[in-house]
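Between the sequences and the hints, there should be enough to build the whole structure, so can you do that?
The numbering used here numbers the first residue of the sequence shown as 1 and each following residue consecutively.
Don't read these hints as lab results, they were simulated from the structure. Wrong hints could be hidden among the right ones.
[As the list claims (entries may be wrong)] Label-pair distances were calculated between CB atoms; the ranges are:
no.	residue 1	residue 2	range
1	I205	E113	31 to 41 Å
2	I40	G161	17 to 27 Å
3	T31	G55	46 to 56 Å
4	L239	E113	25 to 35 Å
5	L22	L184	17 to 27 Å
Being a predicted model, the structure only gives us computed values, none of them experimental. Here a beta-carbon is modelled for each residue, glycine too, at the ideal position from N, C-alpha and C.
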Amino acid sequence: MAPRGLDSRTLLTVGALAALGLATLYSAGQTDVPTEIADIWQKQLGWIVLATAAGAVVYRVSPRLLEWATPFVYGLAVVLLILTLLVGTGAGTAAGTRSWLALGGTRIGQPAELAKLATILMLARHLAGRRRPPQTLVELLPACVIVGVPFLLVGLQPDLGSAIVFLGILFAVLFWVGVPLRLLVLLGSPVISLLLAFSTWSWGIWIVAITLVLLWARPYVVEGLVVWLGNVLMGTIALELWRGLAPY
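So, in structure tokens, the structure goes:
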């Protein structure tokens with residue numbers, strides 16, 4: 001198969017981010033006293049070379065093959081996340097989590113990283129099969145389920161930082177395919193309500209604002225009611241959710 005055209009802007013952006021990360025690791029290891037992280041940049045460089053080689057291989061793969069394999073990759077990622085909850089281990093500053101799979105005492109990887117890639121592929125496969133971008137919250141439900149499964153499994157490890165990445169993936173992909181901005185605001189509004197709930201004044205202003213947005217956007221009655229109740233619920237249980245987070 002002939003290679004597809006390279007997206008030079010994406011290639012340069014990823015390369016710049018990789019170089020910046022490598023420079024940061026190198027700088028962090030330059031201390032007067034020898035430390036364990038002094039040579040960590042070399043390991044990262046090895047991963048960059050390996051990832052570049054893997055990217056070159058995937059670049060040659062037919063999109064139809066990727067589309068066919070995506071459900072299996074996504075299913076494998078979900079199974080590995082469930083397995084991680086059962087027999088996973090922690091590491092380093094996250095020793096209290098169950099985010100790594102180990103074999104014979106040797107850590108072999110974090111399934112959450114595979115799940116991120118699998119989720120992007122599964123979202124792309126689902127949305128590519130539509131004639132037009134989702135226009136209602138109901139039409140967004142399958143995409144939310146695709147992201148919600150790994151989001152919940154990673155959150156239960158507990159690894160809140162990695163779990164939040166899945167929300168970023170959801171909104172980035174939906175924005176990329178052309179989902180209306182007002183719909184993205186409505187979808188993300190409960191999360192904003194959760195963050196603002198620690199201040200009664202800010203949360204109250206937000207509830208008024210989202211009510212006005214709903215009146216302006218005029219979604220279906222049931223959808224609008226679900227969004228409004230979701231915002232109220234998130235604001236009500238925010239403190240209990242925060243207190244219930246497991247330390248790690």
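Okay, the hints, checked on the actual structure:
no., hint, verdict
1, I205 <-> E113: 31 to 41 Å, "holds (38 Å)"
2, I40 <-> G161: 17 to 27 Å, "holds (19 Å)"
3, T31 <-> G55: 46 to 56 Å, "violated (33 Å)"
4, L239 <-> E113: 25 to 35 Å, "holds (32 Å)"
5, L22 <-> L184: 17 to 27 Å, "violated (34 Å)"
In this structure, the hints that do not hold are numbers 3 and 5, in rising order.
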